[in-house]
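J.: Below are the chains, spelled out letter by letter.
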Amino acid sequence: MTGTTPAAPAPAPSRPARAPSRSLVGPRVDAWLLGGLGVLAWVFLSAPGPVPEGLVPVMSGVVFWILLALVGTHFGVSYHLAYGQGREAVLRRPFALVVVPVGLVLATLVLCMAALMGADELARGGVQVGIMAVFTLTGWHYIKQVYGVSRVGASLQGLGIPPLIGKILRYGLYPVWFVDALATWVPGFLDEYYGFGAGVTWVPRWVLDGMGLVATGGAVVVVGCWVVLSAQWGRLVPATMWAPYVAGFLWLTRPPDHFSAAVVLGALHAVQYLACAHRAEVAWAVERGESRVVMWWTSVFGGALATGMLLSYWAPMWLGWVTDGTSVGLIPAAMLFVTFNLHHYAVDAVIWRSRDGHLRRIVKGPG
Amino acid sequence: VQVRDKAGSTVRDIRVLGPVLMIVFGLVLAFTPAASVGVTGSVGNAGNAGVHSKWPEDGGGQPPIEQPPPESPPTEHPPIAPPPEPQPVEPVVEQVDEVAGEEVAVPTESDDDPMLAEQVEAAPAEQASLPRTGSDRATWLVAFGALLLVAGVAILATGHRSASSR
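Chains as they are written, first to last, in the working numbering: chain Z, 1 to 367; chain G, 1001 to 1166.
This is chain Z alone, in the form it adopts within the complex (with noise of 0.2 Å):
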C-alpha cells in the first residue's frame, strides 16, 4: 500500500459513540415501571371497602385482556432472550434451557401414560407436586427480579453496591417470598387448581404468621442498607432501586384480594420484566448491526405476544377442552401450566447472570 490517490473519496466522519443511555426507558417513567405502578395498584385495590363501581367494568373489558397480553409478552420475550443467541449460548446453560423443559415434557408424558394405564393416584400426585411446585417457586421467581432490577437501577446511575450490602439486599427478600410460598402449604389453602389436589397442610398456620414479622424484620434491614448507601453516595437512593422492593415487599406479603390477585401482580411483574427486556433487546439490534431498530423492536415483541398468548392462555384452555373426560383428563393443560411457569423460572434465573450478555447490555449498552 502506498496511500490513498486523491480521488478516493473522503471517508464518512465516524459518528461519535454514543453514551449508554442512563434510563432503561425514559428517566421520568423507569421507577414507575419497576414499581411506582406496583405501589399505586396496591393502594388503590387494597382501600378497605368494595372495589369501586366504576373500576370493575373497566377491568373485566380492554384491561382485562392488556392484562393478559402484558404476562403472555414478558413469557414470549423470556424465550427470545434464552434462545435467540443460538445454540452455543444456549449449550452454556445446558440445564436451564434444555435439561428442565426437556424434562418437564418428559414428566408430563409419563403423567399421561400412568393415567391412561389406571395409576390415577400417581398420575394426580405428580400434577399435585408440580402445581406445589409452581405455587412455591413463583414467589421465587418475583423476588429475584426485585432484586436484579434494583441492582440494574443502581448501575444505570453508577452507584456501585458494596458486596455485602449487596448480599443483604438480594437475601433480605427471601423472607418475602417464604411468606408467599408458605401460604400455599398451611391449612386452608386451595382445595383444588385445575382439578387437581393444590396446597398442603404441611405447616401449622403460626409459621406464616411468624414468616410474616420475619419479612417485616427484614424489610427495616432493607431499609436501613439504603440509608447506609445514600450516606456512602451522598444521595438519596434512586427510586428505581426502592420502588421495586417497596411494591415487591406489598404484594406478596399482603396482597389485596379482588380482582388484583387474579392478573394484576402477573402484569406488574411483567411490566417491570419488559422495561428491561425491552432495552436489551435494543441493543442487542444495534449489537448486530441492525439497521431497522424498530422493526426488530416490533417483530421480537410481537412475535412475543403471539407466543406468550398462545402458551399461557390459549393452550391450556385448548388442551382442557380436547382432553378433558378422556382417561388423561386435565392433565395435559396442567402440566402445560406448570411446564412453561417453570422452564420460564429457569429460564430467567440463567439469562440476567452478571456475564451474560443480556445484562451489560441492559446497563452499557451494545457491546
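Please keep in mind that the hints were generated in silico from the structure rather than gathered at the bench. Mixed in with the good hints, there may be bad ones.
Non-contacting residues of chain Z with respect to chain G, defined by C-beta distances greater than 10 Å in every case (computed) [to be verified]:
| no. | residue |
| --- | --- |
| 1 | W65 |
| 2 | V99 |
| 3 | A119 |
| 4 | C225 |
| 5 | H278 |
| 6 | E287 |
| 7 | G302 |
| 8 | A304 |
| 9 | A349 |
So the derived list for chain G, only partly shown, Cβ under 10 Å to chain Z, looks like this [what the hints assert, rightly or not]:
| no. | residue |
| --- | --- |
| 10 | P1019 |
| 11 | A1146 |
| 12 | I1155 |
| 13 | T1158 |
Derived CB-CB ranges, DEER-like [unchecked claim]:
| no. | chain 1 | residue 1 | chain 2 | residue 2 | range |
| --- | --- | --- | --- | --- | --- |
| 14 | G | T1158 | Z | V203 | 49 to 57 Å |
| 15 | G | L1147 | Z | S230 | 42 to 50 Å |
| 16 | G | L1027 | Z | V102 | 22 to 30 Å |
| 17 | Z | G224 | G | T1158 | 47 to 55 Å |
| 18 | G | L1147 | Z | R288 | 24 to 32 Å |
| 19 | G | L1027 | Z | G325 | 41 to 49 Å |
| 20 | Z | R288 | G | V1153 | 23 to 31 Å |
| 21 | G | L1027 | Z | V322 | 13 to 21 Å |
| 22 | Z | F44 | G | V1153 | 32 to 40 Å |
| 23 | G | T1139 | Z | F44 | 25 to 33 Å |
| 24 | G | A1146 | Z | S21 | 34 to 42 Å |
| 25 | Z | V293 | G | V1153 | 46 to 54 Å |
| 26 | Z | W233 | G | A1146 | 45 to 53 Å |
| 27 | G | L1027 | Z | R360 | 33 to 41 Å |
Please read all numbers here as calculations on a predicted model, not as lab measurements. Glycine included, every Cβ here is placed at the ideal spot set by N, Cα and C.
With chain Z fixed as given, assemble chain G onto it according to the hints.
T.: Structure of chain G alone, referenced to chain Z:
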C-alpha cells in the same frame, strides 16, 4: 432448516418469525375463539393469583373461579374477575355460574325469595359469560386475533419492502 426469503433473512430470523407467529396465532384466535374459553386456562403466573385470591384470611378452600368440577363437561365460565360485592339490603343475584352446563345462581341471602327466583330466570345468557361488559370472551378473542393478524401482515410486508429497497 433455514429457509431464505428474498430479503435474505431466514424463517428463524426474529424479523420473520415474529410476524409469522403473530399471523398464525391471530388466525388461531380468530377462528377458534370458542376453544379458547374452554374449561381450563391460565394466565401465566396466575398460578400465584390462585395463591393470593385464596389467601388463608379469605377462608380459602374454594376452587378458583375458573375451576370447573373435575367431572363437568367443557363449558364456558365466568371471567376471572371476582363477583360483585354483596348488596347488604336487597337479595340480589351475586354471580351466575355454570355447573355441568346449567346456569346456577348464587344468591347473597336466601334461595327462598320469589323475587330472587324471578331475577335468576330473567338473567340473560350473556350474563353468564361476561356479565359486566355485555361482550363475551369469544368476541374479545376474535378481535384480538384479528388485530394480531393485521399487525403481523403489516410488519412482515414493511420489513420485506424496506429490505428489498436497500
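J.: Hint by hint, where does the structure go against what was stated? Just the numbers, ascending.
T.: 1, 7, 8, 11, 19 and 25
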